[in-house]
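Peer 1: Sequence:
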Amino acid sequence: MAKFGQLYLNSGQWKIRQIIPEEWVNDSTRIQIKKLVDGYGYQWWMRSFKVHGRPIDSYYALGRAGQFIMVFPALDLIVVSTAQNHDYGWAVRFYNLVHKYILQSVCLFQKIK
1 MAKFGQLYLN
11 SGQWKIRQII
21 PEEWVNDSTR
31 IQIKKLVDGY
41 GYQWWMRSFK
51 VHGRPIDSYY
61 ALGRAGQFIM
71 VFPALDLIVV
81 STAQNHDYGW
91 AVRFYNLVHK
101 YILQSVCLFQ
111 KIK
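Going by the working numbering, the first residue of the sequence shown is number 1, and it counts up by one from there.
If you're looking for bench data, these hints aren't it; they were derived computationally from the structure.
The C-beta atom is built at its ideal place from N, Cα and C for all residues, glycine as well.
Hints are supplied without guarantee of correctness; some may be wrong.
The calculated DSSO-like cross-link candidates involving lysine-lysine, where the alpha carbons are at most 27 Å apart (straight line), are [as the list claims (entries may be wrong)]: (1) K100 <-> K34; (2) K3 <-> K50; (3) K15 <-> K3; (4) K100 <-> K3; (5) K100 <-> K35; (6) K50 <-> K35; (7) K34 <-> K50; (8) K100 <-> K50.
Computed spacing ranges between beta-carbons, pair by pair [to be verified]: (9) L108 <-> W24: 31 to 39 Å; (10) W14 <-> G53: 30 to 38 Å; (11) Y42 <-> W14: 16 to 24 Å; (12) V92 <-> M1: 15 to 23 Å; (13) G53 <-> Y101: 14 to 22 Å.
Modelling step: build the complete structure from the supplied sequences, incorporating the hints.
Peer 2: What follows is the structure, encoded as structure tokens:
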């Protein structure tokens with residue numbers, strides 16, 4: 001899952017080989033439907049997190065019971081979850097975990113304020 005996220009972060013390129021056309025990566029990770037959360041592309045959801053007053057945009061693939069691939073292009077960051085949680089609050093708890101711990105730490109480390 002992390003490799004797939006990295007492939008998208010690299011605009012569809014793996015090492016020196018273009019695996020997915022860059023145009024498809026761009027189109028699929030751009031808002032096609034403005035609905036729910038911040039938007040939806042082609043099998044990717046969009047979400048913006050506010051960290052130190054600054055928006056940090058992401059796109060993510062969401063699977064069943066806690067499967068996530070989150071890509072944060074501005075931070076050159078991939079976050080993957082392979083949790084197994086079947087209650088309905090798992091997604092909110094995951095977003096909160098990413099926001100409160102991962103993004104806050106990465107942004108502090110990268111001095112993004």
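Peer 1: State for each hint whether it applies.
Peer 2: Comparing the hints with the structure gives:
no.: 1; hint: K100 <-> K34; in the structure: 26 Å, holds
no.: 2; hint: K3 <-> K50; in the structure: 26 Å, holds
no.: 3; hint: K15 <-> K3; in the structure: 11 Å, holds
no.: 4; hint: K100 <-> K3; in the structure: 24 Å, holds
no.: 5; hint: K100 <-> K35; in the structure: 25 Å, holds
no.: 6; hint: K50 <-> K35; in the structure: 19 Å, holds
no.: 7; hint: K34 <-> K50; in the structure: 19 Å, holds
no.: 8; hint: K100 <-> K50; in the structure: 10 Å, holds
no.: 9; hint: L108 <-> W24: 31 to 39 Å; in the structure: 34 Å, holds
no.: 10; hint: W14 <-> G53: 30 to 38 Å; in the structure: 35 Å, holds
no.: 11; hint: Y42 <-> W14: 16 to 24 Å; in the structure: 20 Å, holds
no.: 12; hint: V92 <-> M1: 15 to 23 Å; in the structure: 20 Å, holds
no.: 13; hint: G53 <-> Y101: 14 to 22 Å; in the structure: 18 Å, holds
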